[in-house]
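Quick note, the sequences are listed as chains A and B, same order. Reading the first sequence from the start, the letters are residues 1 to 365 in the working numbering. Reading the second sequence from the start, the letters are residues 1 to 568 in the working numbering.
The hints are simulated quantities; they were obtained by calculation from the structure and are not laboratory data. Predicted model only: the values in this text are computed from it and were never measured. The beta carbon of each residue, even a glycine, is placed where N, CA and C say it ideally should be. Where hints are given, some of them may not hold.
[What the hints assert, rightly or not] Here are the computed lysine-lysine pairs in the PhoX-like style, where the Cα-Cα straight-line distance is at most 25 Å:
#1 A/LYS70 / B/LYS292
#2 A/LYS134 / B/LYS472
#3 A/LYS134 / B/LYS484
#4 B/LYS190 / B/LYS292
#5 B/LYS472 / A/LYS80
#6 A/LYS119 / B/LYS472
#7 A/LYS65 / A/LYS80
#8 A/LYS110 / B/LYS484
[Claimed, not checked] Residues on chain A that point at chain B, a partial pick, calculated with CB under 10 Å:
#9 ALA50
#10 ARG81
#11 GLY84
#12 MET85
[As the list claims (entries may be wrong)] From the derived model, a few chain B residues whose C-beta atoms are all more than 10 Å from chain A:
#13 LEU41
#14 ARG51
#15 THR469
#16 VAL541
#17 TYR546
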Amino acid sequence: MAYVELRNISKWYQGNTVVHDVNLKIEQGEFVSLLGPSGCGKTTTLRMLAGFVEPTAGEIYMQDKPLYSKIQGINIPPEKRHIGMVFQSYAVWPHMTVFENIAYPLKLRKTHKNEISAKVSEGIELVNLTGLEKRYPSELSGGQQQRVAIARAVVMKPALLLLDEPLSSLDAKLREKMYQEINAIWRRTGITVVYVTHDQKEAMALSDTIVLMKHGEIIQRGSPCDIYERPANYFCADFIGKANILQGIATVRGDSGIMISKDMFLPVEYIKEAEEGRNATFLFRPEHVRIIPEQVWNNGCHTGYSGLAGTITYRSYFGSYMEYGININYKTEIRAESNTQNLLEPGDKVFITIHKAITVQERED
Amino acid sequence: MKFRLTARTMLFLLVILLVLVIDVYPMLNMLLKSVQSTQGLTFQHFIDVFRDSRNIEAIANTFVVASSATCLSLILGTGLAYLTNLTDMPGHRFLRVLSVIPLFTPPFIYAMAWQQLFNPAGYANKLYMVMFSTREPLFNIYGPAGIILVMSAGSFATVFLITEGAFRQMDSALEEAGMACGATPMRVLKDITIPIMLPNILAAAIVVFITEISNFGIPAILGFQVSYYVLTTRIYEVLNEFYREDSFEAASAMSIILLVLALLSLWLKDRAIKQGRYEIAGATMGQQARVKLGIIKFPISIFVTILLLISSVVPLIAIGLTSLIKAYGLSPHFSNLTLANFTGVIGLSLVKKAFANSLGLSVASATIAVVIGTIIAYILTRTNWKIRRWLDIAVATPYALPGTIVALAMILAFSRPLPLLGISLYNTFWIILVAYIARYLFFVVRTVSAAIMQVNPDLEEAARISGATWYKSIRDVLLPQVRKSLISSWILVFSHTISELTLSILLWSAGNETIAVAVFNLQETGNLTSSSALAMILLLVSLGGYLLIEYVNQVNQLKTGQSIRIER
Ligand SMILES: Nc1ncnc2c1ncn2[C@@H]1O[C@H](COP(=O)(O)OP(=O)(O)OP(=O)(O)O)[C@@H](O)[C@H]1O
Ligand SMILES: [Mg+2]
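Can you make the complete structure from the sequences, with help from the hints?
So this is what it looks like as structure tokens:
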């Protein structure tokens with residue numbers, strides 16, 4: 001059995017399904033991110049793990065022991081689960097100093113005074129707050145309060161650490177710094193982490209495993225690389241990174257398939273559920289699109305791939321790369337990334353080639 | 001949500017049961033009593049009430065007195081709010097302080113003070129007669145005119161505070177926009193300012209109206225002398241007509257009439273607020289343009305100051321004087337002053353007993369109300385129990401309704417022996433305690449639930465996940481956050497109950513007098529110097545309470561800064 005296991009977990013409020021039949025296994029020491037759009041049930045799932053929300057159905061196990069089981073009538077209260085949690089609002093107690101905040105979980109466990117002191121110091125060091133022990137939360141910056149919240153959550157060496165969008169109220173710069181620190185803390189403590197976020201960058205940077213959710217269901221589970229390279233559907237591809245989508249007819253040739261879209265011939269690396277001769281949806285990333293200006297294309301230096309004709313619609317500068325919008329056949333808009341040399345202008349005629357694409361299930365809107 | 005019978009659930013259920021027993025049951029029981037006879041349901045009691053012309057008169061008087069006082073308060077209150085907030089009249093800070101003094105004074109003490117000024121041989125009348133060498137007094141306080149005057153003097157501050165808030169919220173840009181469209185200042189007042197203000201003014205009017213129809217102390221002190229009765233005093237009278245067999249039934253039928261009046265007004269207020277609450281987006285914070293009064297601002301300021309001094313301060317000086325004078329009627333020469341009234345009145349064994357009673361009642365009711373009220377506030381703000389709405393109403397009702405009704409409901413509910421215990425609370429200390437708790441629980445619930453709502457629930461959950469049980473998460477995290485509200489609601493209940501008259505006057509019995517009852521009885525027997533001395537002590541205690549609340553608020557603000565709050 002896995003270290004933490006959610007089995008057929010569902011939650012509904014007044015007939016409104018918020019989490020639907022979630023199954024999830026988490027290994028010891030794993031860093032798992034729950035990722036998904038707002039309202040998809042991430043927080044609810046996390047709070048069911050913590051014990052603040054009682055599931056409507058299913059079972060939750062940790063270290064082979066049930067935390068919740070509808071059938072067995074077991075529901076361990078939050079304080080007995082030995083789980084640490086960091087809240088979006090930090091939830092640092094304003095009437096206690098930094099030291100008292102971090103010491104509180106230990107105090108409840110009747111830890112000896114000297115030991116509390118030692119462990120709190122250790123925790124304060126872990127989050128780089130040395131010297132601020134006697135401060136009240138109102139005398140700390142947002143980032144510092146967040147560190148207190150993290151130290152408080154890990155000081156009792158919990159079996160599992162839950163974080164609910166812990167960085168969403170920090171500014172972009174600080175956020176990046178903090179997620180490196182969270183990563184460092186995780187490495188140093190070897191703790192098992194479930195991290196809720198709707199920021200795909202955060203999830204990619206931090207996790208072993210990303211669990212993508214939508215409308216209360218798990219859509220895909222895999223390593224960041226897995227999900228980026230082989231998204232299960234358009235939703236996943238679009239949520240993790242940027243994605244373009246085109247319709248075509250599947251033709252399988254050898255190992256790799258080839259998609260033929262009316263006037264285009266395209267090698268596709270990974271064909272899934274695409275039947276020979278059937279309509280299929282395929283999907284590719286902006287960085288896998290090559291843009292060739294019309295004159296160059298007409299000079300005949302194309303690479304053997306088929307090309308699609310289009311017109312540049314917009315251009316955005318991102319420093320390390322340039323994003324272009326390209327209109328194909330006056331109906332489909334494709335996003336493409338290219339280097340920042342040889343600038344093209346909106347209105348320029350171009351051809352594009354696509355050198356890596358995959359098929360996915362039909363887009364469901 | 002599945003229902004588990006944990007210790008917490010049990011605690012909540014216990015508290016809800018208590019609310020049922022002390023709030024809901026007495027009210028429903030009284031409703032039932034008013035339509036019950038030995039033969040079953042009947043409207044006979046109501047018919048009897050309307051047969052007696054004295055009752056009809058009391059109803060009519062209630063209307064006359066309450067609506068006149070409401071009108072007068074409205075004029076004084078809004079006028080003052082306008083002058084102090086929207087014009088450049090000098091001295092508005094000082095005037096604001098003056099105008100809220102009556103709010104901290106128990107109304108019956110206020111009535112006593114006015115009575116000492118304007119009874120036919122009162123200080124003001126005597127002064128007038130000497131100055132103008134006449135035998136006619138300037139104004140006789142006894143009767144409807146005096147009652148209306150004292151009620152208004154005591155209530156216009158309420159109107160002032162409510163409308164002042166509305167005036168402040170009023171965006172001067174709204175008025176400027178009107179002027180830019182070409183409206184004259186008068187048109188702006190009529191078409192923009194007043195329509196926007198109207199819901200607030202209406203709400204204030206109804207609050208005052210309910211206060212007036214509920215008032216007992218003022219019509220008792222200024223009406224009994226000349227046999228002028230309103231509903232509350234008439235109910236008191238009927239309950240004291242021991243020779244009547246149906247005095248309870250008659251009183252409850254009359255209470256129902258009063259109740260209907262109060263409920264109707266409350267309903268009107270709700271409607272007024274719902275219909276006309278204009279959310280003024282981005283309420284103005286900056287300087288509001290003040291109307292320039294020009295040269296007449298000084299006479300206006302002086303006039304208002306004198307008016308406020310007369311209505312707020314002079315009566316208290318009068319009662320202070322009486323408390324220090326050797327015998328009422330002597331001229332206030334220095335040689336006629338003495339502290340003997342204070343020592344004398346405190347020496348009375350009756351007063352000693354009353355002090356002990358009141359102190360015990362107030363401390364006990366404040367403490368119990370804070371404990372129960374906090375739990376109710378928690379249920380209201382932190383659970384999703386369906387019963388919350390009803391609980392809220394059940395707690396608010398005894399406060400919103402006239403005290404006379406609450407007292408009568410208590411008598412009817414607890415005159416019979418309690419089940420199991422077999423003892424009756426009637427004519428004991430305990431019925432007063434129950435009534436105090438039932439009536440003032442609302443203060444605690446309102447104050448504490450507002451405070452709890454300010455605390456992010458994450459804070460408690462953070463404690464739970466750290467290993468704290470529910471009880472410890474409340475004790476270590478929630479309660480320290482709302483400590484200020486606990487302390488101020490305790491003081492609030494204490495300072496209201498220590499000078500409470502309306503409930504006590506109907507519920508007291510020999511040996512169970514409260515201080516207010518003692519003051520009232522001394523006053524009624526004509527012992528003005530003693531009653532004034534006692535009233536002064538009461539005043540100081542209430543005033544001390546309010547100052548203490550202010551102090552607690554300030555200290556708390558200094559100590560703990562803002563916590564991070566994120567709306568859920
Ligand atoms: N107590 C509740 N009663 C009814 N509906 C609820 C309750 N709590 C959450 N929901 C609903 O459940 C859905 C999922 O909520 P949840 O907080 O889990 O979303 P989330 O994925 O964390 O979103 P976000 O990224 O915005 O935090 C939402 O549609 C929300 O409205
Ligand atoms: Mg959330």
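Evaluated hints:
| no. | hint | in the structure |
| --- | --- | --- |
| 1 | A/LYS70 / B/LYS292 | violated (73 Å) |
| 2 | A/LYS134 / B/LYS472 | holds (23 Å) |
| 3 | A/LYS134 / B/LYS484 | holds (23 Å) |
| 4 | B/LYS190 / B/LYS292 | holds (19 Å) |
| 5 | B/LYS472 / A/LYS80 | holds (13 Å) |
| 6 | A/LYS119 / B/LYS472 | holds (22 Å) |
| 7 | A/LYS65 / A/LYS80 | holds (12 Å) |
| 8 | A/LYS110 / B/LYS484 | violated (29 Å) |
| 9 | ALA50 | holds (6 Å) |
| 10 | ARG81 | holds (8 Å) |
| 11 | GLY84 | holds (7 Å) |
| 12 | MET85 | holds (4 Å) |
| 13 | LEU41 | holds (40 Å) |
| 14 | ARG51 | holds (54 Å) |
| 15 | THR469 | violated (6 Å) |
| 16 | VAL541 | holds (31 Å) |
| 17 | TYR546 | holds (26 Å) |
Hint compliance for this structure: hints 1, 8 and 15 are broken, all remaining hints hold.
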